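Listed here are the chains, written in short residue letters.
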Amino acid sequence: MRLKLILFLFFIALPLAVFAMQGGERKKANTIDELVKMYDISSCKVCHRDIYEQWERSLHARSIYGPETTGRTAATFWTTITHGLMEWEHSGVKKPEDVRIEHLMPCARCHLPQLEDATDAVAQEIVRNIYALVKEGDENAAKTLQKLNINCLICHNRNAVIHKWVDGEPEPNVIYGTKKGAHPDAMFTAMKPSPIMGEAILCGQCHGLGPMFEFDNPTQCATLYGSYLWSYVAKGGSKTCQQCHMHKSGLGHNMQSYRSPEMAKMALDFNVEAIAYYWRDGTRVIPQATVEVKMKNKAGHVIPDG
Amino acid sequence: MPIPQQFGRGDRMGRGPYEKSGLIRETSLHPHETRTERFDIIFPPNIFDMNVEVELWYMPYGTKEVDGFLWNRADKTLSVSKTGK
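Going down the list, the protein sequences come from chains A and B.
Here the first sequence stands for residues 1 to 306, where the numbers follow the numbering used here.
Here the second sequence stands for residues 1 to 85, where the numbers follow the numbering used here.
What the hints contain is simulated information worked out from the structure, not anything from laboratory work.
Incorrect hints may have been included.
Unchecked claim - Straight line, CA to CA, 25 Å or less: simulated DSS-like cross-link-like pairs of lysine-lysine:
id : chain 1 : residue 1 : chain 2 : residue 2
1  : B       : Lys64     : A       : Lys296
2  : A       : Lys298    : B       : Lys82
3  : B       : Lys82     : A       : Lys294
4  : A       : Lys180    : A       : Lys164
5  : A       : Lys265    : B       : Lys76
6  : A       : Lys45     : A       : Lys143
7  : B       : Lys82     : A       : Lys265
8  : A       : Lys192    : A       : Lys180
9  : A       : Lys164    : A       : Lys192
10 : A       : Lys147    : A       : Lys28
11 : A       : Lys164    : A       : Lys135
12 : A       : Lys298    : A       : Lys265
13 : A       : Lys296    : B       : Lys76
14 : A       : Lys164    : A       : Lys28
15 : B       : Lys64     : A       : Lys294
16 : A       : Lys235    : A       : Lys192
17 : B       : Lys76     : B       : Lys64
18 : A       : Lys37     : A       : Lys192
19 : A       : Lys164    : A       : Lys27
Being a predicted model, the structure only gives us computed values, none of them experimental.
Construct the complete structure from the given sequences, taking the supplied hints into account.
Shown next, in the form of structure tokens:
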């Protein structure tokens, strides 16, 4: 009798385990914590400490919260819901509780692409945290929102392949970079080259061309990749985003903009000329100064983006 | 700053990414482009020396004090003659 029971359990347990492994990547997250776990990078920190610490200082590490000092991205998500979705007749949102994944994707498409792997329950949890942050200044909500971000596994796995008919879907246990071989992580056991790791398109996929027409109600935020293509490259520029932001700046994974002195220094040639003289205008003689300020943009796109 | 159009229609600028769609006017500084801004300043009566401070600020949103970034500055001292024809 006892033996029979054990066999019985064994039989159902085995197919379940296989099913869980095959379907594991597809099963959607039901809570913020589950979504964070699906893209867990705590192991990376152990072996790639320097890169991890660089990344932690970048805006990618708080991509739905925004700059540490302002939390502007979360605040703008709030405005989007309150003064966008809730005010538009045909959005299907009358109150914050009506917000679903489809209402957040027009922002999350770039700010949190892995939100596609979550259920509406996660959309609701995010909205509750955004309201708690904006309405009550809730510190815990600020912390929770910063757990959701563009981390190692977004650039080195999920979003490392763009042309899926050419290159295939990104594989679950592979770290995409420039090398091929074994990788000592317990989950991500192999390394494969991504054909775009050193190309502008890797960054361009989120850094915007113009209105995002794939949505029922298009959004437009960053349009910087558009100006890279049609203004920088068009005028003969040939550097990639990675060359300027990761190498020339010396900042590596701490990809930065105008906030950092390194980038501010790289941004412009700035030159001021001034002369003073008497200007004769009919009967009047007017002492005046002329100040000429010359600014040359040395970045790979327009300044500012917006 | 680029001036994005609200919902791709009309003459109103949109501010939030949820309402921007297009451009009404483009005033940003383009790559490789040199922009010259010229300022003519008249000396106040009986003043012959002037100190001009030029500051370039990047302001993502709001005011200089709240969220502004000083990129460059230059100081110039200018004088005009006190006598002459």
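task = Take the C-alpha atoms of A:Lys164 and A:Lys28, compute the straight-line distance between them, and say whether it is at most 25 Å.
result = Given that 25 Å is the threshold and the Cα spacing comes to 21 Å, the pair holds.
key: Given pair status - A:Lys192, A:Lys37, alpha carbons within 25 Å   = Status holds; Cα separation ~23 Å.
ask   = Can the restraint linking B:Lys64 and A:Lys296 be considered satisfied, given a maximum Cα separation of 25 Å?
value = holds (22 Å)
Hinted pair A:Lys298 and B:Lys82, Cα distance within 25 Å = With a Cα-Cα distance of about 42 Å, the restraint between A:Lys298 and B:Lys82 is violated, given a limit of 25 Å.
inquiry  = Hinted pair, alpha-carbon criterion (25 Å max): B:Lys64, A:Lys294. Please report holds or violated.
reply    = holds (21 Å)
query = Between A:Lys164 and A:Lys135, does the CA-CA distance stay at or below 25 Å?
reply = violated (42 Å)
request  = For the pair supplied as a hint, A:Lys164 and A:Lys27, confirm whether the alpha-carbon distance does not exceed 25 Å.
outcome  = holds (21 Å)
ask   = When you check the alpha-carbon spacing of B:Lys76 and B:Lys64, does it fall within 25 Å?
value = holds (22 Å)
request  = Given the hint that A:Lys180 pairs with A:Lys164, test it: the Cα-Cα distance must not exceed 25 Å.
outcome  = Holds, at roughly 19 Å.
request  = Assess, step by step, whether the Cα of A:Lys265 is no farther than 25 Å from the Cα of B:Lys76, and give holds or violated.
outcome  = This hinted pair holds, its Cα atoms lying about 21 Å apart.
ask   = Straight-line Cα separation of B:Lys82 and A:Lys294 no greater than 25 Å?
value = violated (30 Å)
Pairwise hint evaluation, A:Lys192 against A:Lys235, where the allowed Cα distance is 25 Å at most = violated (34 Å)
Comparing the model with each numbered hint stated earlier shows that hints 2, 3, 7, 11 and 16 do not hold.
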